[in-house]
Each structure stands twice: as C-alpha cells, then as structure tokens.
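Novice: Going down the list, the sequences are from chains A and B. Position 39 (the first sequence) corresponds to 39 in this note's numbering; numbering is contiguous. Position 69 (the second sequence) corresponds to 69 in this note's numbering; numbering is contiguous.
Hints listed in this document are in silico derivations from the structure and should not be mistaken for laboratory results. Do not rely on the hints blindly, as some may be mistaken.
[As the list claims (entries may be wrong)] Below 16 Å or equal to it, Euclidean Cα-Cα: the simulated EDC-like pairs (lysine to aspartate or glutamate) are: (1) A:20 / A:106; (2) A:64 / A:88; (3) A:66 / A:98; (4) B:68 / B:3; (5) B:1 / A:65; (6) B:98 / B:39; (7) B:98 / B:3; (8) A:42 / B:39; (9) A:14 / A:87; (10) A:66 / A:87; (11) B:68 / B:84; (12) A:42 / B:3; (13) A:41 / B:39; (14) A:14 / A:88; (15) A:55 / A:65; (16) A:20 / A:65; (17) B:98 / A:98; (18) B:98 / A:59; (19) B:98 / A:106; (20) B:1 / B:96; (21) B:68 / B:39.
[As the list claims (entries may be wrong)] Stretch by stretch, here's where chain B covers chain A in the computed footprint (C-beta under 8 Å, at least three residues): (22) 67–77; (23) 107–113.
[What the hints assert, rightly or not] A partial selection of chain A residues facing chain B, derived with a Cβ cut-off under 8 Å: (24) 49; (25) 93; (26) 97.
Ideal Cβ placement from N, Cα and C applies to all residues, glycine included.
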Amino acid sequence: GAVVSQHPSRVICKSGTSVKIECRSLDFQATTMFWYRQFPKKSLMLMATSNEGSKATYEQGVEKDKFLINHASLTLSTLTVTSAHPEDSSFYICSARENTWNAGLEQYFGPGTRLTVT
Amino acid sequence: KQEVTQIPAALSVPEGENLVLNCSFTDSAIYNLQWFRQDPGKGLTSLLLIQSSQREQTSGRLNASLDKSSGRSTLYIAASQPGDSATYLCAVSRGDYKLSFGAGTTVTVRA
C-alpha cells in the first residue's frame with residue numbers, strides 16, 4: 001500500500017515550452033502533496049505544498065507563476081513548468097500524506113521525474 | 001532556517017563492515033526525523049522515522065538514534081551488503097510535515 005506514482009519519468013522539452021508532471025496517490029487519498037526539486041549531489045529542496053481544492057503554498061524564492069501547481073482531486077496533483085529554460089532542468093519529486101484520522105507521520109514519495117530542457 | 005548536514009558525503013566499505021552515517025541539524029525544535037534511501041535516478045524509500053520524543057528506532061539491520069538536544073542523528077547499518085549501496089538522506093520535520101533534507105551520504109559496499 002501507500003504507493004505514489006509520477007508521470008512522466010523522463011521528459012525532454014525545448015526552451016520556451018511548458019511541461020506538466022503528474023503525481024498520483026494510487027491506493028490512498030492525499031489532502032496534501034509536496035513538490036521537491038533535487039539538483040545533482042544536492043539535497044531535496046521543498047518547492048511548494050499542494051492542497052486539494054485550494055491554492056498551493058510556495059516556499060520562499062520559488063516563482064509561483066513559473067511552477068504552476070494544481071491539486072484537483074484527492075489523488076492527483078500536477079506541476080506545470082511554464083516557459084521552461086535550461087536552468088529548470090532538474091529531478092522533480094512529489095510526496096503525499098494519507099488523508100485519514102489515523103494516518104502516520106510518514107510521507108510517501110514518488111519515483112521522480114527527470115526534466116531536461118534543451 | 002533549518003540546516004541539515006550529513007557527513008561524510010561519500011563512504012566506501014568492504015562487505016560485512018558496519019556503516020555509521022551522521023546527520024546534524026541546527027534547530028532542535030523538530031517534530032520527527034526520517035532516514036531515507038535513494039537509488040540512482042529513483043525516488044525515496046523511507047527507512048526509519050524517529051519521533052522527537054524517541055531516542056532510537058530499529059528495523060532489521062538498521063538502527064537510528066536521535067539526540068534532539070544536540071541536533072544529531074546517527075544511522076547504523078550492521079553487516080553491510082553490496083545491496084546497501086545507495087545514497088542515504090536524513091530529513092527533519094516541523095509540525096507542518098514539511099521536510100528539510102540533508103545532501104545525503106553516498107555509500108558503496110564493495111563485494
């Protein structure tokens with residue numbers, strides 16, 4: 001149980017285009033999902049908290065107009081990188097918490113999406 | 001702002017040796033601490049979670065300790081195997097479930 005998927009696993013796009021990454025909780029409902037970005041040999045950096053039915057909360061320094069987050073259902077959050085540039089190339093990982101009264105403290109992570117902008 | 005540091009950045013040991021991975025954090029007001037494993041190009045697998053009121057957690061060959069007052073945690077992996085080769089990340093959480101990660105320790109276990 002507690003599986004989180006991401007799609008696509010890899011994507012290559014041209015500079016100036018937009019790309020959408022999906023994060024799904026497969027066997028549980030998630031009111032809250034988190035989006036992280038990871039640079040090579042660096043730690044994961046929290047980008048934003050995605051809340052079902054409301055606007056995402058962005059961390060300081062993250063451009064909300066560039067990284068659009070939509071959490072339309074209890075099992076799906078999407079991250080859209082708009083007008084992508086080579087510096088947006090990175091590994092994007094999402095995580096999710098179960099939406100139950102007895103949910104534990106753990107977050108479950110997706111397998112990540114490798115974005116390359118050429 | 002919470003800063004999480006992991007030392008060493010990389011570690012190479014022969015099979016069978018015990019592994020000791022260190023994690024330190026600057027703000028001791030944490031809710032819990034987690035250790036994760038990440039294989040190259042993959043997502044994260046949770047290994048152990050220690051709540052702030054606990055001092056250690058054990059799972060099989062893995063044992064993690066937490067000294068909240070000094071801002072330190074140590075992950076011990078007994079009798080290492082080549083399959084233990086991966087990057088190990090520690091992360092601390094506030095009550096809002098946001099995680100602050102260290103940069104990780106990349107472990108290579110030589111057969």
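Novice: Compare the structure with each hint and give your call.
Specialist: Results for each hint:
1. A:20 / A:106: violated, 26 Å
2. A:64 / A:88: Roughly 14 Å separates the two Cα atoms, so the pair holds.
3. A:66 / A:98: Violated - the C-alpha atoms of residue 98 of chain A and residue 66 of chain A are around 28 Å apart, more than 16 Å.
4. B:68 / B:3: OK: residue 68 of chain B and residue 3 of chain B at ~14 Å, within 16 Å.
5. B:1 / A:65: violated, 24 Å
6. B:98 / B:39: violated, 22 Å
7. B:98 / B:3: Holds, because 13 Å separates the two Cα atoms, which is no more than 16 Å.
8. A:42 / B:39: holds, 14 Å
9. A:14 / A:87: At roughly 12 Å apart (the allowed maximum being 16 Å), residue 87 of chain A and residue 14 of chain A satisfy the hint.
10. A:66 / A:87: Holds, because 12 Å separates the two Cα atoms, which is no more than 16 Å.
11. B:68 / B:84: violated, 27 Å
12. A:42 / B:3: holds, 13 Å
13. A:41 / B:39: holds, 12 Å
14. A:14 / A:88: holds, 11 Å
15. A:55 / A:65: holds, 12 Å
16. A:20 / A:65: holds, 14 Å
17. B:98 / A:98: holds, 14 Å
18. B:98 / A:59: holds, 10 Å
19. B:98 / A:106: holds, 11 Å
20. B:1 / B:96: Holds. Residue 1 of chain B to residue 96 of chain B sits at ~15 Å (cutoff 16 Å).
21. B:68 / B:39: violated, 28 Å
22. 67–77: Check failed, 0 qualifying residues.
23. 107–113: holds (count 6)
24. 49: holds, 7 Å
25. 93: With Cβ-Cβ at 6 Å, under 8 Å, it holds.
26. 97: holds, 6 Å
In this structure, the hints that do not hold are numbers 1, 3, 5, 6, 11, 21 and 22, in rising order.
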